[in-house]
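Number of protein chains: 2
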Amino acid sequence: MLPFSVTILGSSSALPTLSRFPTSQVVNLNQKLFLIDCGEGTQIQLRKFGVKAGKINHIFISHLHGDHIFGLPGLISSMALGGKKGELHIYSHSELKMMMDPLLKFMNEMEDFKVIYHPLNFRTQTLIYEDSKLTIESLPLKHRIPCCGFIFREKQHELRLRGDLIEYLNIPVKQRVAIKGGADYYKPDSTKIPNADLTYPADPVRSYAFCTDTLPLKQIIPVIKDVDLLYHEATFCDDLKDLALKTYHSTARQAALQAAEAGVKRLIIGHFSSRYKNEKPLVDEARTVFANTFAANDGDRFDV
Amino acid sequence: MLPFSVTILGSSSALPTLSRFPTSQVVNLNQKLFLIDCGEGTQIQLRKFGVKAGKINHIFISHLHGDHIFGLPGLISSMALGGKKGELHIYSHSELKMMMDPLLKFMNEMEDFKVIYHPLNFRTQTLIYEDSKLTIESLPLKHRIPCCGFIFREKQHELRLRGDLIEYLNIPVKQRVAIKGGADYYKPDSTKIPNADLTYPADPVRSYAFCTDTLPLKQIIPVIKDVDLLYHEATFCDDLKDLALKTYHSTARQAALQAAEAGVKRLIIGHFSSRYKNEKPLVDEARTVFANTFAANDGDRFDV
Chain A
208 MLPFSVTILG
218 SSSALPTLSR
228 FPTSQVVNLN
238 QKLFLIDCGE
248 GTQIQLRKFG
258 VKAGKINHIF
268 ISHLHGDHIF
278 GLPGLISSMA
288 LGGKKGELHI
298 YSHSELKMMM
308 DPLLKFMNEM
318 EDFKVIYHPL
328 NFRTQTLIYE
338 DSKLTIESLP
348 LKHRIPCCGF
358 IFREKQHELR
368 LRGDLIEYLN
378 IPVKQRVAIK
388 GGADYYKPDS
398 TKIPNADLTY
408 PADPVRSYAF
418 CTDTLPLKQI
428 IPVIKDVDLL
438 YHEATFCDDL
448 KDLALKTYHS
458 TARQAALQAA
468 EAGVKRLIIG
478 HFSSRYKNEK
488 PLVDEARTVF
498 ANTFAANDGD
508 RFDV
Chain B
208 MLPFSVTILG
218 SSSALPTLSR
228 FPTSQVVNLN
238 QKLFLIDCGE
248 GTQIQLRKFG
258 VKAGKINHIF
268 ISHLHGDHIF
278 GLPGLISSMA
288 LGGKKGELHI
298 YSHSELKMMM
308 DPLLKFMNEM
318 EDFKVIYHPL
328 NFRTQTLIYE
338 DSKLTIESLP
348 LKHRIPCCGF
358 IFREKQHELR
368 LRGDLIEYLN
378 IPVKQRVAIK
388 GGADYYKPDS
398 TKIPNADLTY
408 PADPVRSYAF
418 CTDTLPLKQI
428 IPVIKDVDLL
438 YHEATFCDDL
448 KDLALKTYHS
458 TARQAALQAA
468 EAGVKRLIIG
478 HFSSRYKNEK
488 PLVDEARTVF
498 ANTFAANDGD
508 RFDV
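Residue numbers (my numbering), protein chains in the order written: chain A, 208 to 511; chain B, 208 to 511.
Because the hints were derived from the structure by calculation, they are not lab data. As the structure is a prediction and not an experimental result, all values here were calculated from the model. Hints should not be assumed to be uniformly reliable.
Heads up, the list lumps identical chains together, so a pair's fine if it works in one copy or across two of them.
As the list claims (entries may be wrong) - Below, in silico cross-link-like pairs of lysine-lysine (DSS-like), each with a Cα-Cα straight-line distance of 25 angstroms or less: (1) K292 - K349; (2) K262 - K484; (3) K484 - K255; (4) K312 - K453; (5) K291 - K484; (6) K259 - K484; (7) K487 - K453; (8) K453 - K291; (9) K484 - K304; (10) K453 - K292; (11) K349 - K448; (12) K239 - K262; (13) K255 - K239; (14) K291 - K304; (15) K312 - K349; (16) K291 - K312; (17) K349 - K432.
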């Protein structure tokens, strides 16, 4: 299976702490990098955790609160100074461009490097990115300002060839491609060999859902159903659920209930309020509802 | 003497490194804090080095390149979230407000907290701040875009009373104040006691000059003459002086020549290019010209 992982670059909520930077993470599918959110210091975290900023060509911004975007001007400037060429695609609320342009006007190094802004749809789930291996959809959440989550889904893999048999039958390369797509094989004497004899099942497709900042939303359950890995914000413990409601955030218990109801395989919680000295009370609370919960800590890598 | 110090929060040039954040420092005169420049991550460095961000009411911005300002939106947001009240004064190029306003529009917490922008004069040395203990002047430098240095000067201190004699003569409080200002004392029988008998000399006044980003400028020598502590940028070693000239920066040797010619007591060099793995070649080069040179490292505190 191709490497498919999420590295946490920042796991605090609005106020960073000594051990947590504001929200950012990088999704790596087979060395193709996708950045989600970009809180202040993201470029420093990328360097610290050995991720090459220049290899990032796609950035997904959930919403325009500062703790999710204030690292963008520095990251873009440093990409330009580092000699990045080509296009950087940013998927966000359409106002982001108006916020960034005045900050980047003094950058002289951006001649060969273009930032392209793609407006998100905050009303309905939308396919926003697709390549040969992956789709990425945006998913409207419920926060104080327009906010989207993002769902990364691997595309259906090809069937895996039974190498020994393929060799023995001396099947030409062109037919091998067809067999990986599900075709049967006909020998020169027209004998049919069914596809099932020639292949192993395809690798399972994996999926990752990123949901922050948001109230716990019933309507996203069918969308995130059965994902392999769910990141859901858990700003507070449940004793502060009134504050969570007022500020349009979730508690650890609410995040875990979402994970349980959607039947996801694993849950990461993050976006912790700086009032918590460590993640233990939040993880403990979530695990009473959904055992397979892990806390996001800066630098953690989770395989999807 | 009152505590008067400079804490380095960031010492890199445009690209931060694993050990150096972009430019920022905090000047502390008797627990009154003045921030100079605010590169990305300044709020994180303040926390790391135990400086209370909420106590900062005055910020001085040398110029509008990203590595000197991209920490401002995060710092201001966190001040507001932390409940800061009253006024925050920012001294900078007048365009800064237009760059910051779009970023702070989603901050709901700024009702009791107002940011006041003061435009700098980039043509001539200007007094920009004054209180009972201190003056701060801006000093035009020479960079690719308008840039100012800043000079902090203690005001003349009062004379120090000879406590034992003052007690012995039972001098009333009101006269003591006059004596600290230089007055003689007349006993009830009209005998004059000259001021010199009643006082020790005042503490010397101290001064700090911050000069970055800039070419080495002859015309600032008379202004920074004899300062106790000079921070001067030294982006490159002297073998790259052509690159320094082209990018309007200084070399370590040039910074040291400035310090020597101005007769300052101590020199701090900083704003190091990320090409240098450590500060040794820069400090070594500077010390061949000006022995009393020190490298700025994040977290260093220098007493003025």
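Q: Quick one: which hint numbers does this structure break? Sort them smallest to largest.
A: Violated: hints 1, 9.
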